[in-house]
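2 protein chains.
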Amino acid sequence: MEYKISENVKSVKPSAIREIFKYMSVPGLISFAAGNPSPESFPAEDMRTVADGIFATQASSALQYGSTEGYTPLRNQIKDRLKNKFNSFSENDELIITTGGQQGIDLCARAMLDPGDVVICESPTFIGALNAFRVCGAKTVGVELEDDGISIDGLEKALKENPKAKILYLIPTFQNPSGITTVQEKRKKVYKLAKKYGVIVLEDNPYGELRFSGKDVPTVKSLDTEGIVMYCSSFSKILSSGMRVGFLCGPKELIDRCVVIKQANDVHTNLFFQMLVSGYLEKYDLDAHIQTIRELYFKKSSLMISALENGLDPSIRFTHPEGGLFVWVTLPKGDSTDIFKTCIDKKIAVVDGKTFLPSPAPCSSVRLNYSTPTDQQISDGISIFCETVNDYIKR
Amino acid sequence: MEYKISENVKSVKPSAIREIFKYMSVPGLISFAAGNPSPESFPAEDMRTVADGIFATQASSALQYGSTEGYTPLRNQIKDRLKNKFNSFSENDELIITTGGQQGIDLCARAMLDPGDVVICESPTFIGALNAFRVCGAKTVGVELEDDGISIDGLEKALKENPKAKILYLIPTFQNPSGITTVQEKRKKVYKLAKKYGVIVLEDNPYGELRFSGKDVPTVKSLDTEGIVMYCSSFSKILSSGMRVGFLCGPKELIDRCVVIKQANDVHTNLFFQMLVSGYLEKYDLDAHIQTIRELYFKKSSLMISALENGLDPSIRFTHPEGGLFVWVTLPKGDSTDIFKTCIDKKIAVVDGKTFLPSPAPCSSVRLNYSTPTDQQISDGISIFCETVNDYIKR
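Chains as they are written, first to last, in numbering that gives the first Met the number 0: chain X, 0 to 394; chain E, 0 to 394.
Check the hints yourself; a few may be wrong.
Which copy is meant is left open, so a pair is good if it fits within one copy or across any two.
To be verified - Capping the alpha-carbon separation at 25 Å, the derived lysine to any residue pairs in SDA-like fashion look like this:
#	residue 1	residue 2
1	LYS138	PRO114
2	LYS340	SER314
3	LYS21	SER221
4	LYS194	THR336
5	LYS282	GLY52
6	LYS282	ARG47
Don't read these hints as lab results, they were simulated from the structure.
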């Protein structure tokens with residue numbers, strides 16, 4: 000039978016990152032392709048203690064249906080943290096718990112987008128977000144990402160040229176895949192442009208807590224006086240990614256629409272783990288735990304960066320992230336799919352930079368991750384990687 | 000600011016069932032409005048044992064990202080159960096784990112529907128499904144539900160009149176809200192019509208395991224030789240609804256599309272609880288546990304049915320379910336919203352039958368639930384309910 004597939008969905012391909020999994024079973028392969036947090040970043044023993052307490056005293060409610068908006072104590076804890084630590088929750092805002100940060104992006108997309116609408120984003124950007132917009136039938140338009148954040152001239156041009164733009168999607172801090180952080184001056188200009196052209200900013204901040212050097216930059220959300228910024232994040236990189244607990248906040252009117260969609264999407268997020276996160280926040284010191292992750296990633300990223308500095312041909316550029324999970328390596332020539340394959344032949348897995356492009360374009364970059372490999376794998380693997388790409392550009 | 004909301008989403012209202020929550024804090028109110036399983040149906044102590052085992056030996060993988068399709072051992076256990084117990088999984092099928100049964104409906108809707116497409120369904124039917132279709136911009140067309148299932152003449156008429164119909168959504172067993180089970184003869188006719196008119200059947204079977212009298216009827220999925228039936232269900236009514244673990248199966252080509260959408264929706268379902276369900280299925284006897292739920296609901300439904308038989312005016316009809324959670328009461332005259340309000344005044348909560356209509360129509364029915372109230376609440380509450388509606392029709 001020929002199935003009648005939705006027009007919006009037809010063109011959406013599974014993430015290329017999934018394709019890489021095919022190679023993961025190759026013996027001796029060293030992977031820098033993951034986007035996973037280090038398993039050391041999960042406070043498993045403390046989570047076990049909280050979980051057992053829930054089974055002991057609150058099992059009936061933890062295993063029963065809950066409200067679509069989420070577990071109220073957890074919502075209040077997150078609101079307080081956003082207010083006090085990030086100045087990113089105003090009196091006109093509301094917040095819902097989402098099934099991971101990804102669902103926050105998806106709900107915001109579904110609440111706003113009709114087929115043919117445009118989403119403007121950094122190029123390159125997170126493939127999961129691009130696909131959420133594409134599934135809604137939206138067109139994704141990329142704006143060049145410079146070393147200090149999105150190009151402001153490029154952004155204004157894109158806004159002028161795309162009157163159907165509804166959302167400006169940004170990962171301003173430790174961006175995926177580039178590791179780049181947008182400077183404060185640019186955040187202000189981005190906010191002004193969004194206001195001028197009447198688009199909503201969707202600020203995705205899954206890595207914001209993972210700064211290991213430099214100084215914090217205020218969120219775009221903290222600049223919002225007009226109710227035009229939606230903000231999503233999650234506990235995936237600081238407690239557990241597998242539990243799928245994130246949140247989305249923003250102007251109440253938009254969040255109300257997202258609640259209606261979430262109800263028809265998954266009713267609510269796993270309630271037991273919402274209560275577990277809430278219990279963890281109450282009983283333990285999340286900031287102290289985050290500090291250990293920052294130290295771990297500082298060590299791992301430093302190891303990778305110095306190996307790249309020592310090994311790469313000077314014509315090959317790479318980013319120097321101050322937090323997050325990724326380094327973005329750009330060759331002076333070549334094709335990223337080719338580079339990916341050349342690395343795989345040497346048993347090194349990286350992610351083909353083209354994966355992250357909002358629209359097809361030439362690309363000679365690849366993404367490297369330092370949170371998942373061991374220190375030994377970083378030393379050994381980056382050495383092979385450097386040799387491989389140094390050879391590649393001499394072909 | 001005036002927000003540019005998606006056209007598809009504009010018309011979708013939050014479920015009226017949520018509205019009822021406002022009244023839930025009224026002191027002395029007895030609620031038959033829930034759709035919740037009884038907390039007694041959650042094997043909390045056994046789940047606690049499995050959970051602690053996962054924390055002890057598999058914490059790193061349970062808290063880490065997993066695959067979008069779901070935890071492979073659990074998928075295999077469900078496939079085996081579907082094959083062996085329900086003859087509802089063929090060699091051309093694939094299965095993915097979903098965030099509750101609701102996400103199965105939503106993914107199938109998003110994979111297939113474009114704005115303006117039509118979904119044909121029983122009238123009345125599950126509001127959560129109606130809203131999933133509406134969020135996609137689809138039109139929902141209802142076909143009369145008779146005592147033995149959907150009207151076959153009505154279905155053929157609807158299929159003829161709606162060439163843009165893509166999905167036929169059915170809850171053939173212990174339907175929500177009616178409690179009605181479609182007889183085998185009708186299931187065969189429904190399948191033939193779906194084939195003739197080229198629509199996919201989405202068979203929703205969340206209550207199928209909860210039969211407490213009568214004989215099992217084969218699923219529509221078990222009749223499928225052409226690859227035109229998608230089938231969703233969940234563990235919400237037999238292990239825990241709060242954990243949000245369900246599944247969707249059907250022709251591989253359609254499931255592949257659903258995987259792409261799920262990846263952009265929530266990446267994957269809570270992995271810890273997927274492993275927990277898998278461990279429970281391995282270690283404990285699910286069928287023995289289900290038997291205890293059946294006995295519980297047989298007792299509760301019998302109590303409600305005999306109270307209705309004794310108390311209701313003979314002109315008021317109600318269904319006699321052989322399983323599931325609901326009884327559907329139809330008055331010979333009146334308006335369901337009025338009836339709902341009259342009951343609330345007497346501190347009895349029911350669900351306004353209009354909530355479940357695919358398109359606006361006169362309605363004098365309400366839904367009653369027997370799984371959540373205590374036996375005492377059923378006795379006391381149904382007595383008040385009968386008096387109230389008996390008076391109502393005499394006005």
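Exercise. Any of the earlier hints contradicted here, and which numbers?
Worked result: 3 and 4
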